[in-house]
Every structure is written in structure tokens, then in C-alpha cells.
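First to last, the sequence lines map onto chains E and P. Sequential numbering from 0 applies to the first sequence in numbering that gives the first Met the number 0. Sequential numbering from 0 applies to the second sequence in numbering that gives the first Met the number 0.
It is worth saying that the hints were derived from the structure and are not from the lab. It is possible that part of the hints are untrue.
Examples of chain E residues toward chain P, derived with CB under 7 Å [to be verified]: (1) 29; (2) 30; (3) 36; (4) 37; (5) 44; (6) 47; (7) 48; (8) 51; (9) 52; (10) 55; (11) 56; (12) 184; (13) 187; (14) 191; (15) 194; (16) 198.
If we take Cβ atoms under 8 Å as the criterion, some of the chain P residues that face chain E in the derived model are [stated by the list, open to error]: (17) 31; (18) 41; (19) 50; (20) 53; (21) 54; (22) 182; (23) 189; (24) 196.
Here the structure is a predicted model, which means the values were calculated and not measured. A virtual CB, placed ideally from N, CA and C, is assigned to each residue, including glycine.
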Amino acid sequence: MPAIHYLRIWLACVRYSLVRMMMFRADFIMWSLVEVFWVMVNLMLIGVIYRHTDSIAGWGPYEMLLLFGTSRLLQGMLMGFFWSSLFEMGRNIRTGQFDFTLAQPGNPLFMAATRKLDMDSLVNVIASAGIVVYAVHKLGLHPGALDLALYAALLGSGLVIHFAALLLITSATFWLIGTQGIEGSYFTLFDFARLPREAFRGVASLFFVYGLPAVIASNIPASALLHGFNLTHALWLALTAAGWLALAIFVFNRGLKRYSSASS
Amino acid sequence: MRTAFHKYRHVFLVGVQSNLVYRWNFAIRATFSLFHLIAAVTLWRAAFAGKTDIGGFSLAETLTYFVTLMVLQFFIGAFNEDYQVSEEIRNGLINQFLLKPVNYFAYRFTLFVSARTISGLLVLVPLALVMPFLHEYLTLPSDPWRLWMGLPALAMSAVIQFGIAFCFGLLSFWFLEIQSFVILSFAVETVLGGQVFPLDLMPAGLFRLSQFLPYYYQMYFPAAILTGRIATPAEAAVGLGIQACWVVALLGLIHVLWTRGLRRHTAVGG
Numbered sequence: 000m001p002a003i004h005y006l007r008i009w010l011a012c013v014r015y016s017l018v019r020m021m022m023f024r025a026d027f028i029m030w031s032l033v034e035v036f037w038v039m040v041n042l043m044l045i046g047v048i049y050r051h052t053d054s055i056a057g058w059g060p061y062e063m064l065l066l067f068g069t070s071r072l073l074q075g076m077l078m079g080f081f082w083s084s085l086f087e088m089g090r091n092i093r094t095g096q097f098d099f100t101l102a103q104p105g106n107p108l109f110m111a112a113t114r115k116l117d118m119d120s121l122v123n124v125i126a127s128a129g130i131v132v133y134a135v136h137k138l139g140l141h142p143g144a145l146d147l148a149l150y151a152a153l154l155g156s157g158l159v160i161h162f163a164a165l166l167l168i169t170s171a172t173f174w175l176i177g178t179q180g181i182e183g184s185y186f187t188l189f190d191f192a193r194l195p196r197e198a199f200r201g202v203a204s205l206f207f208v209y210g211l212p213a214v215i216a217s218n219i220p221a222s223a224l225l226h227g228f229n230l231t232h233a234l235w236l237a238l239t240a241a242g243w244l245a246l247a248i249f250v251f252n253r254g255l256k257r258y259s260s261a262s263s
Numbered sequence: 000m001r002t003a004f005h006k007y008r009h010v011f012l013v014g015v016q017s018n019l020v021y022r023w024n025f026a027i028r029a030t031f032s033l034f035h036l037i038a039a040v041t042l043w044r045a046a047f048a049g050k051t052d053i054g055g056f057s058l059a060e061t062l063t064y065f066v067t068l069m070v071l072q073f074f075i076g077a078f079n080e081d082y083q084v085s086e087e088i089r090n091g092l093i094n095q096f097l098l099k100p101v102n103y104f105a106y107r108f109t110l111f112v113s114a115r116t117i118s119g120l121l122v123l124v125p126l127a128l129v130m131p132f133l134h135e136y137l138t139l140p141s142d143p144w145r146l147w148m149g150l151p152a153l154a155m156s157a158v159i160q161f162g163i164a165f166c167f168g169l170l171s172f173w174f175l176e177i178q179s180f181v182i183l184s185f186a187v188e189t190v191l192g193g194q195v196f197p198l199d200l201m202p203a204g205l206f207r208l209s210q211f212l213p214y215y216y217q218m219y220f221p222a223a224i225l226t227g228r229i230a231t232p233a234e235a236a237v238g239l240g241i242q243a244c245w246v247v248a249l250l251g252l253i254h255v256l257w258t259r260g261l262r263r264h265t266a267v268g269g
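Starting from the given sequences, assemble the full structure and let the hints guide the process.
The following block contains the structure:
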């Protein structure tokens, strides 16, 4: 199927999600409030720690704010574009309703991962972008168009890592039917994304920086804004993203082969 | 009294059995909590670099506080009791309790106690596994009064935790969907319960204000008694008094929500 058809399908999903949001306006407002409140919770943590110290692993308060904003941007985009669809995929695999996705004329992963958009999480993206802009302003940084384009490209690689991790976790449902709520482990693993890379030492650094890519997914884009573009870091991030995505797609496809319809 | 004891003893035993079925879920949850703990250790260790104390407490005292919170979460924290109550109201399963000589609050609270007994004991397993790496960071004060005042504080914290969850569950008499209320409240509880940072690190005015809110007594208060963040028995006694007031207020609120909710409730079918 040509790319233009997929784009049309995706735009239809966007339209459907928008209509759904307009139907449940109060729900949208309430969930947007929840998202904004969680951002405030984390801002309070940063505020409280920096009341008592000047630096965390060499990162000052506004540098930390930039890192936090970047990690929330990534999480917000994942939640906005993919979370609901992948969460539903796990549930559908358990109940056998995944048949409906497989019956649709298109790539099963595309159909499963892009069905629903969470508009309230996209509000979080706007709030997080605001935090990044505020931190950049307070740090006296003046990124040019190229810097911003490179930051966006690095964010894109980070988003691929987040997506791959969530897809891997959700695909586990093909094997572990009984593990309801396994998708929540994504939040646990990506809790590390808001921490500076330099805070990890010894074995923890090996595991959390080089093994689990949550830390570099947010640290490399934030560092690019702070200290300028670093080609080695960018390649590291891009290759990690490609590797994790390939692994996630491989596991998903293996899971598909295992999936047996529950309805027929 | 004796009959009631026997009745709820059976509920407790059934609760223990059904929670043992989900032992792997609790074990996985406990293991993931360790990841949160590692994140907290990493953050605070970096914040303490070059410092001997933050807010008057050493790194070991601060990390002891977070470890204690993690353990208490599994012993006295409300997990999904709000959703369970909400489900029973929405599905009409609550009707069976209206026809039997069973107090629904007591029934649910007994199940909560049995669930926390199992999850609390299970969290000790992963904790024991990481203890060789953690023990150098742990330091607990040895004053006997901390135990004698900490135990009633823990018991009342459990009632507050459960009471708030139960109130949210009862909202299902009025609202079809309570998830957004629960998540919003969870965010407030997480901050003001001291799970994100020790509350005494907040500006003095805010900290004083938090001491009059129920969230302070949900988790921070017993943890602060046990880990030495509350310095004197007199301070702990005042806290116990305020905590008791919140327990009474919550029980009163539950009574009002229950009686008013039942008036709106319609039982259909047989």
C-alpha cells in the first residue's frame, strides 16, 4: 500500500480522535488538568532539591529544567500518538479482539499503533515545550534554526526509542496473556529519562545509560541545545533507536505468528 | 461482637487466599518499585555530592526515608480499592451486600487488610535481595518511643489511605467514570504524602500548611516518626492528635456518602 494511503488512514484517525474529544469535553479538560498537575509535581521536585543544592551531577536548575522538559516532551508525544492504541492492542490480544485489527487492509503494526490519539497528552506536549522554551530563555541560549532542527531530529530518535520500548513491552502480551497492566512498566523504566547521564556511576551507568536507552533518549537532545550538536552522540542515539525499533518489530512479528484468534 | 469477629475473620481468610493467587503481580510490582528506588537513590546521591546534609539530614537518612516509604506503600497503601468499590457499584454487585447482615465498609476494609498483609510480606523478598547493596545507605534511629508512636500512626494511616480510596469509589453513585478524579487525587497524594520528596524540605510555610491536610498523615507522618525526621515525642503526639481527627472526619464523610449514595442507587434484576 503506498505511503499516501497510510497518511489518509492516519488523518482519518486524527479526525476520529478529535471528534471523540469534542464529544467528551469534560473528560478532556479533566485529563488535561491531570497531565498539567503531573508536570507541576515534577517541577516541585526540581524546585525543592535546588533550594538545598546548586547542582545535580553538574547540571544547574535551568539545565535540569531543560532536561525535564525534554523528557516530558518525549513521553507526551509517545502518550499522545501511540499509548492508547498500543494499550488497547495488549487488551485486544488478551480478549481475542485483535482479529479486527488483523482483518483491516494494511500493515498490522501500523493499524494497531496509530488507531487512537490522546489529545490531553498532546496538551502535555505543549506544556513541556513551554518548559523547554522557558529554560532556554533563562539559560540565555539563542539556538538558530539549524540547532532547533537538529534538536527536533534528536527528539525524533528519542521518540523511536520510547515507541520501541512500549511496543516490546506490549508485545510480551502475545506470550504472557495473564500479565494485565504490564504496559505500566514503561513508566517505571522511563523514570530514569529525567535524570542526567552523569548521575549514573559504575554498574548503574552500564545498565541505565548503555543498556536501557531511556537516559540517552532525553539527555542527548537536551545536551545538544545546551552544548551544541555532537555527531558521535547523535550517531549513538540514531543507531540505538534503529536497533531497538528493529528488535521491537521482530518481537511483534514473532508474537503475531503466535497469536491465535479467540473468536473463531 | 464475637459473631462479627468470626464473620470478618472469614472475609480476611478469603482475602488472603484470593490475594495469594495474584502473588506474581505483587512480586512484579514490588520489583518495579525497586527501579523507582534506584531512580531516587541516583537523584539524591547526585544532589548530595559534596554535601554532608540537605535540610539537616544526611544522605543515609534521606535514603532510609525513601526505602521506608517503599515498604510502607506495600503494607498500608491503597492500590486499587477505589476501582473495586466503583466496579461493584456500577455492576450492581453491591446489591448482594445490601441484603445481607454485612457492613460493606467493614467488609472492604477487611479485604484491604488481607491484601496489604500479602503484598507487605511479598515486598520483603526483593528488598532482602537488594539489601547487600542498600545496607550501607540505611540508618534507623533506635529510640523506643518511635515504635510505640509509629505503630498507631501506621494503623491510622492505613485507615486514611483506605478511607480516601473508599470515598472515591463511592463517587460512582454519582459519576459513571471516576478514573480522572482518582489520578488527579493520586498526584496530590503523591506530592503531599511525601513520596516525591521529604515534606520537611519544602519552604517552612508550605510544610506547616501540609501538616493540617490528610495527605501528610497518609504516608509521610509514620515514615517521619520511624526514620527520625520527627525529632521529639511531643511533636509526634500532636501529629497523632491531628491524624485521629482526620480519621474521624473521613469516617463521617464515608457515612454521609454511603447513605446519600444509596438513596440514588437503583438495584435492577434478581
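Practice prompt. Hint by hint, work out which the structure violates, then give me just those numbers in ascending order.
Written response: none
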